[in-house]
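> Each chain is listed here by its residues.
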Amino acid sequence: MVAPRDNLANRSAPVGQADSSFAQGRFGAYGGRYVPETLVFALDELLDAFQRAVADPSFVSELEGLLKTFAGRPTCLTFAANLSARSGARIWLKREDLAHTGAHKINNTIGQVLLAKRMGKQRIIAETGAGQHGVATATACAKLGIPCEVYMGAEDMRRQSLNVFRMRMLGAKVHEVTTGSRTLKDATNEAMRDWMSSVGDTHYVLGSVVGPHPFPLIVRYFQSVIGRECRTQCLAQAGSLPDLIVACIGGGSNAVGIFAPFVDDASVELLGIEAGGRSNTLGDHAATLTLGSPGILHGSFSYVLQSPEGQTADVHSCSAGLDYPGVGPEHAMWRDSKRVRYATCSDAQALEAFQLLAQLEGIIPALESSHAVHGALAAISSMPRNKLVIINISGRGDKDISEVVRLLA
Amino acid sequence: MSRVRDSFARLRSQQRSGLAPFIVAGHPCLEQLQPIVAALSAAQPALIEIGLPYSDPIADGPVISGAMHHALSRGATIAAILEKVVRIRPTTNVPLVAMVSHAIVHRLGGAAFIDNAVECGFDGFIIPDADSSSLDEITATCARLDVSLSMLVAPKTSPKRLEQQVRRSTGFVYLLARAGLTGTNGSLTDVSRRVAAIRAIADIPVAVGFGISSASHVREATQEADAAIVGSAFVRAIDANSDDPAAAVLRLAQELSAGLRSPR
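Protein sequences, first through last, are from chains A and B. With this note's numbering, letter number 243 in the first sequence gets 243, and the count goes up by one each step, no holes. With this note's numbering, letter number 48 in the second sequence gets 48, and the count goes up by one each step, no holes.
Think of the hints as simulated: they come from the structure by calculation, not from any bench. Think of the CB as a built atom: it goes at the ideal place given N, C-alpha and C, for glycine as much as any other residue. Be aware that a few hints might be false.
Said to hold, decoys possible - DEER-style ranges, computed between Cβ atoms:
no. : chain 1 : residue 1 : chain 2 : residue 2 : range
1   : B       : Ser262    : A       : Gln24     : 33 to 39 Å
2   : A       : Asp264    : B       : Ala140    : 37 to 43 Å
3   : B       : Pro90     : A       : Ala154    : 57 to 63 Å
4   : B       : Ser216    : A       : Asp44     : 45 to 51 Å
5   : A       : Val60     : B       : Ser214    : 48 to 54 Å
6   : B       : Gly109    : A       : Ser337    : 23 to 29 Å
What the hints assert, rightly or not - Below are the EDC-like pairs computed for lysine to aspartate or glutamate, each with C-alpha atoms no more than 16 Å apart in a straight line:
no. : chain 1 : residue 1 : chain 2 : residue 2
7   : B       : Lys160    : A       : Asp201
8   : B       : Lys156    : A       : Glu62
9   : B       : Lys156    : A       : Glu45
10  : B       : Lys160    : A       : Glu45
11  : B       : Lys156    : A       : Glu309
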């Protein structure tokens with residue numbers, strides 16, 4: 001289940017050989033490369049290195065080895081008996097919370113840091129929102145012996161101080177970003193600016209399926225391990241393909257990771273849950289696909305929360321990992337084609353689901369994943385009984401405890 | 001483009017190079033746009049590059065992105081800036097070139113935005129984060145309206161892409177003097193050789209920008225090139241003299257002009 005080699009290229013063709021428009025960086029009309037000219041060469045170089053790496057059995061086996069013996073893959077698929085009894089569906093949880101560092105982010109960072117080393121890069125930079133991607137990047141860099149610097153918004157550093165400490169403990173330098181809204185969007189700007197000046201010897205480990213081509217393709221490839229494992233596990237443990245898979249969406253990497261290997265299975269319904277925040281007013285949520293419009297942000301064309309003149313809007317979510325005004329271009333394509341349905345979950349509903357999963361199943365989910373739990377239960381309430389439903393528990397909730405204590409006070 | 005074309009043709013006929021100052025519309029405030037443009041016009045630049053503020057300008061360093069955030073926080077909208085340009089246009093004959101993110105161009109209708117901005121008085125466009133595979137309609141519109149569309153060329157731009165960027169450009173090509181961000185320092189990367197590489201593809205004026213902040217940089221940049229683009233230094237001068245930004249930009253333009261190439 002650690003990505004059997006012949007599995008890497010099958011099903012959803014994660015590298016995109018099956019669909020040349022993917023290789024050109026377009027997901028339908030979305031994607032592309034809206035970047036300063038200085039980065040074009042670096043992105044070409046990265047695409048070339050990535051395509052060579054994934055075609056090289058020694059790269060793939062090194063990656064698989066690290067995923068198995070360092071990151072703890074495969075993560076298990078757990079039957080949620082109590083939640084099932086309560087909801088009327090058969091609910092299984094894909095346990096990315098059990099991956100090393102506590103979230104799915106490690107799948108991508110090990111892959112990209114390995115790739116960077118293969119490219120001869122001397123330094124790694126990353127952006128982070130909740131801090132999970134920053135921690136996962138710092139972890140991969142510590143393991144693989146390469147210096148790491150992480151950009152993080154000042155507001156996120158306050159909300160996620162534990163992760164700031166973890167990154168520093170892992171030897172990473174954390175840069176506080178005080179521009180704009182002081183959150184993930186601004187941290188991404190700063191990381192891109194760093195990369196503009198350092199592109200010769202530095203690799204930028206982007207943390208989600210966003211950004212200029214080939215990042216959405218690369219992150220999709222490394223995160224698809226979630227869905228490949230899940231497919232095999234579901235067939236073996238539950239006896240059939242699922243009727244519904246639910247995942248939360250910020251940039252959308254855990255969702256693309258679990259959805260991609262099922263996209264061609266027409267019987268499997270896919271549901272993405274965005275952060276509904278406090279209200280549907282612009283600035284109060286991060287529901288990009290539900291309430292946004294097509295636009296350009298951070299190098300790709302996708303859905304964006306923006307003003308009528310194209311200025312990126314402020315966003316809000318109780319969950320720092322979902323607090324992003326853009327979304328991966330593949331999600332934009334799936335939204336338009338209706339292959340994936342997208343809905344929202346408010347802060348209050350996520351907090352409820354957070355407690356519910358802890359009390360019924362003994363799993364404290366990340367606030368991000370709590371959105372998926374709520375979204376799944378809401379969807380199940382209008383489905384026939386006994387359907388097979390998988391919820392992607394993208395991360396564990398330890399990092400959110402102090403924020404939850406604050407919100408419940 | 002007649003203004004952009006005429007301006008570079010005049011410089012060439014006089015065997016001179018020109019200055020291309022960059023300012024951010026709405027910095028320090030929208031009311032100062034006209035006085036600043038008037039002051040810069042007095043220094044007879046090749047053109048004036050007016051940056052339209054964008055919330056997430058990844059190509060710009062802290063100085064210019066700071067000015068953009070400042071302008072937005074003071075309520076500068078694209079609509080209000082275009083209205084100002086309508087009033088400024090009759091007051092100067094210097095070409096006004098908009099530097100605008102593809103995000104804004106797209107949101108405001110793509111080619112329809114270009115149409116509107118030209119009607120308001122802009123003579124050309126630089127879209128620093130353009131996806132060139134998505135530019136066909138905009139390129140055609142710029143050609144139809146006879147305004148400039150300047151594509152960028154970086155030190156590491158491949159020969160194949162260099163040719164595409166140069167052929168897509170009208171008016172002038174924007175040559176990045178170095179890798180990195182606006183407002184950075186260090187030595188210029190082989191500018192004259194790269195100007196020659198562009199000229200080998202097409203006979204088109206070349207403006208060199210990024211990290212040019214002194215008369216000696218201007219001298220180095222325009223040995224072969226037609227113009228030197230100076231951005232962060234003007235923005236800094238405005239920041240440091242918010243009581244009279246117009247006087248400050250004129251002073252700086254005169255200082256920098258000492259580095260321009262003139263007939264020997």
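> Take a look at whether the Cβ-Cβ distance between Ser262 (chain B) and Gln24 (chain A) falls inside 33 to 39 Å.
Given about 47 Å between the Cβ atoms, the range is violated.
> Do the alpha carbons of Lys156 (chain B) and Glu62 (chain A) lie within 16 Å of each other, as the hint requires?
This hinted pair is violated, its Cα atoms lying about 32 Å apart.
> Should the hint that Gly109 (chain B) and Ser337 (chain A) are 23 to 29 Å apart at their CB atoms be regarded as holding?
Since the Cβ atoms of Gly109 (chain B) and Ser337 (chain A) sit about 25 Å apart, the hinted range of 23 to 29 Å holds.
> CB of Ser216 (chain B) to CB of Asp44 (chain A), is that within 45 to 51 Å?
violated (34 Å)
> Next pair to validate is Lys156 (chain B) with Glu309 (chain A); report whether the Cα-Cα distance is within 16 Å.
Outside the cut-off at roughly 33 Å; violated.
> Verify the CB-CB distance for Val60 (chain A) and Ser214 (chain B) against the hinted window 48 to 54 Å.
Distance hint for Val60 (chain A), Ser214 (chain B) holds at roughly 52 Å.
> Next pair to validate is Lys160 (chain B) with Glu45 (chain A); report whether the Cα-Cα distance is within 16 Å.
Within the cut-off at roughly 14 Å; holds.
> What's the verdict on Lys160 (chain B) and Asp201 (chain A), does the C-alpha distance respect the 16 Å limit or exceed it?
With Cα atoms ~23 Å apart, Lys160 (chain B) and Asp201 (chain A) exceed 16 Å; violated.
> Is 57 to 63 Å right for how far apart the beta carbons of Pro90 (chain B) and Ala154 (chain A) are?
violated (45 Å)
> Taking 16 Å as the top limit, are the C-alpha atoms of Lys156 (chain B) and Glu45 (chain A) close enough?
holds (11 Å)
> Do Asp264 (chain A) and Ala140 (chain B) keep their Cβ atoms within the hinted range of 37 to 43 Å?
holds (38 Å)
In the structure shown, a violation is registered for the earlier hints numbered 1, 3, 4, 7, 8, 11, in ascending order.
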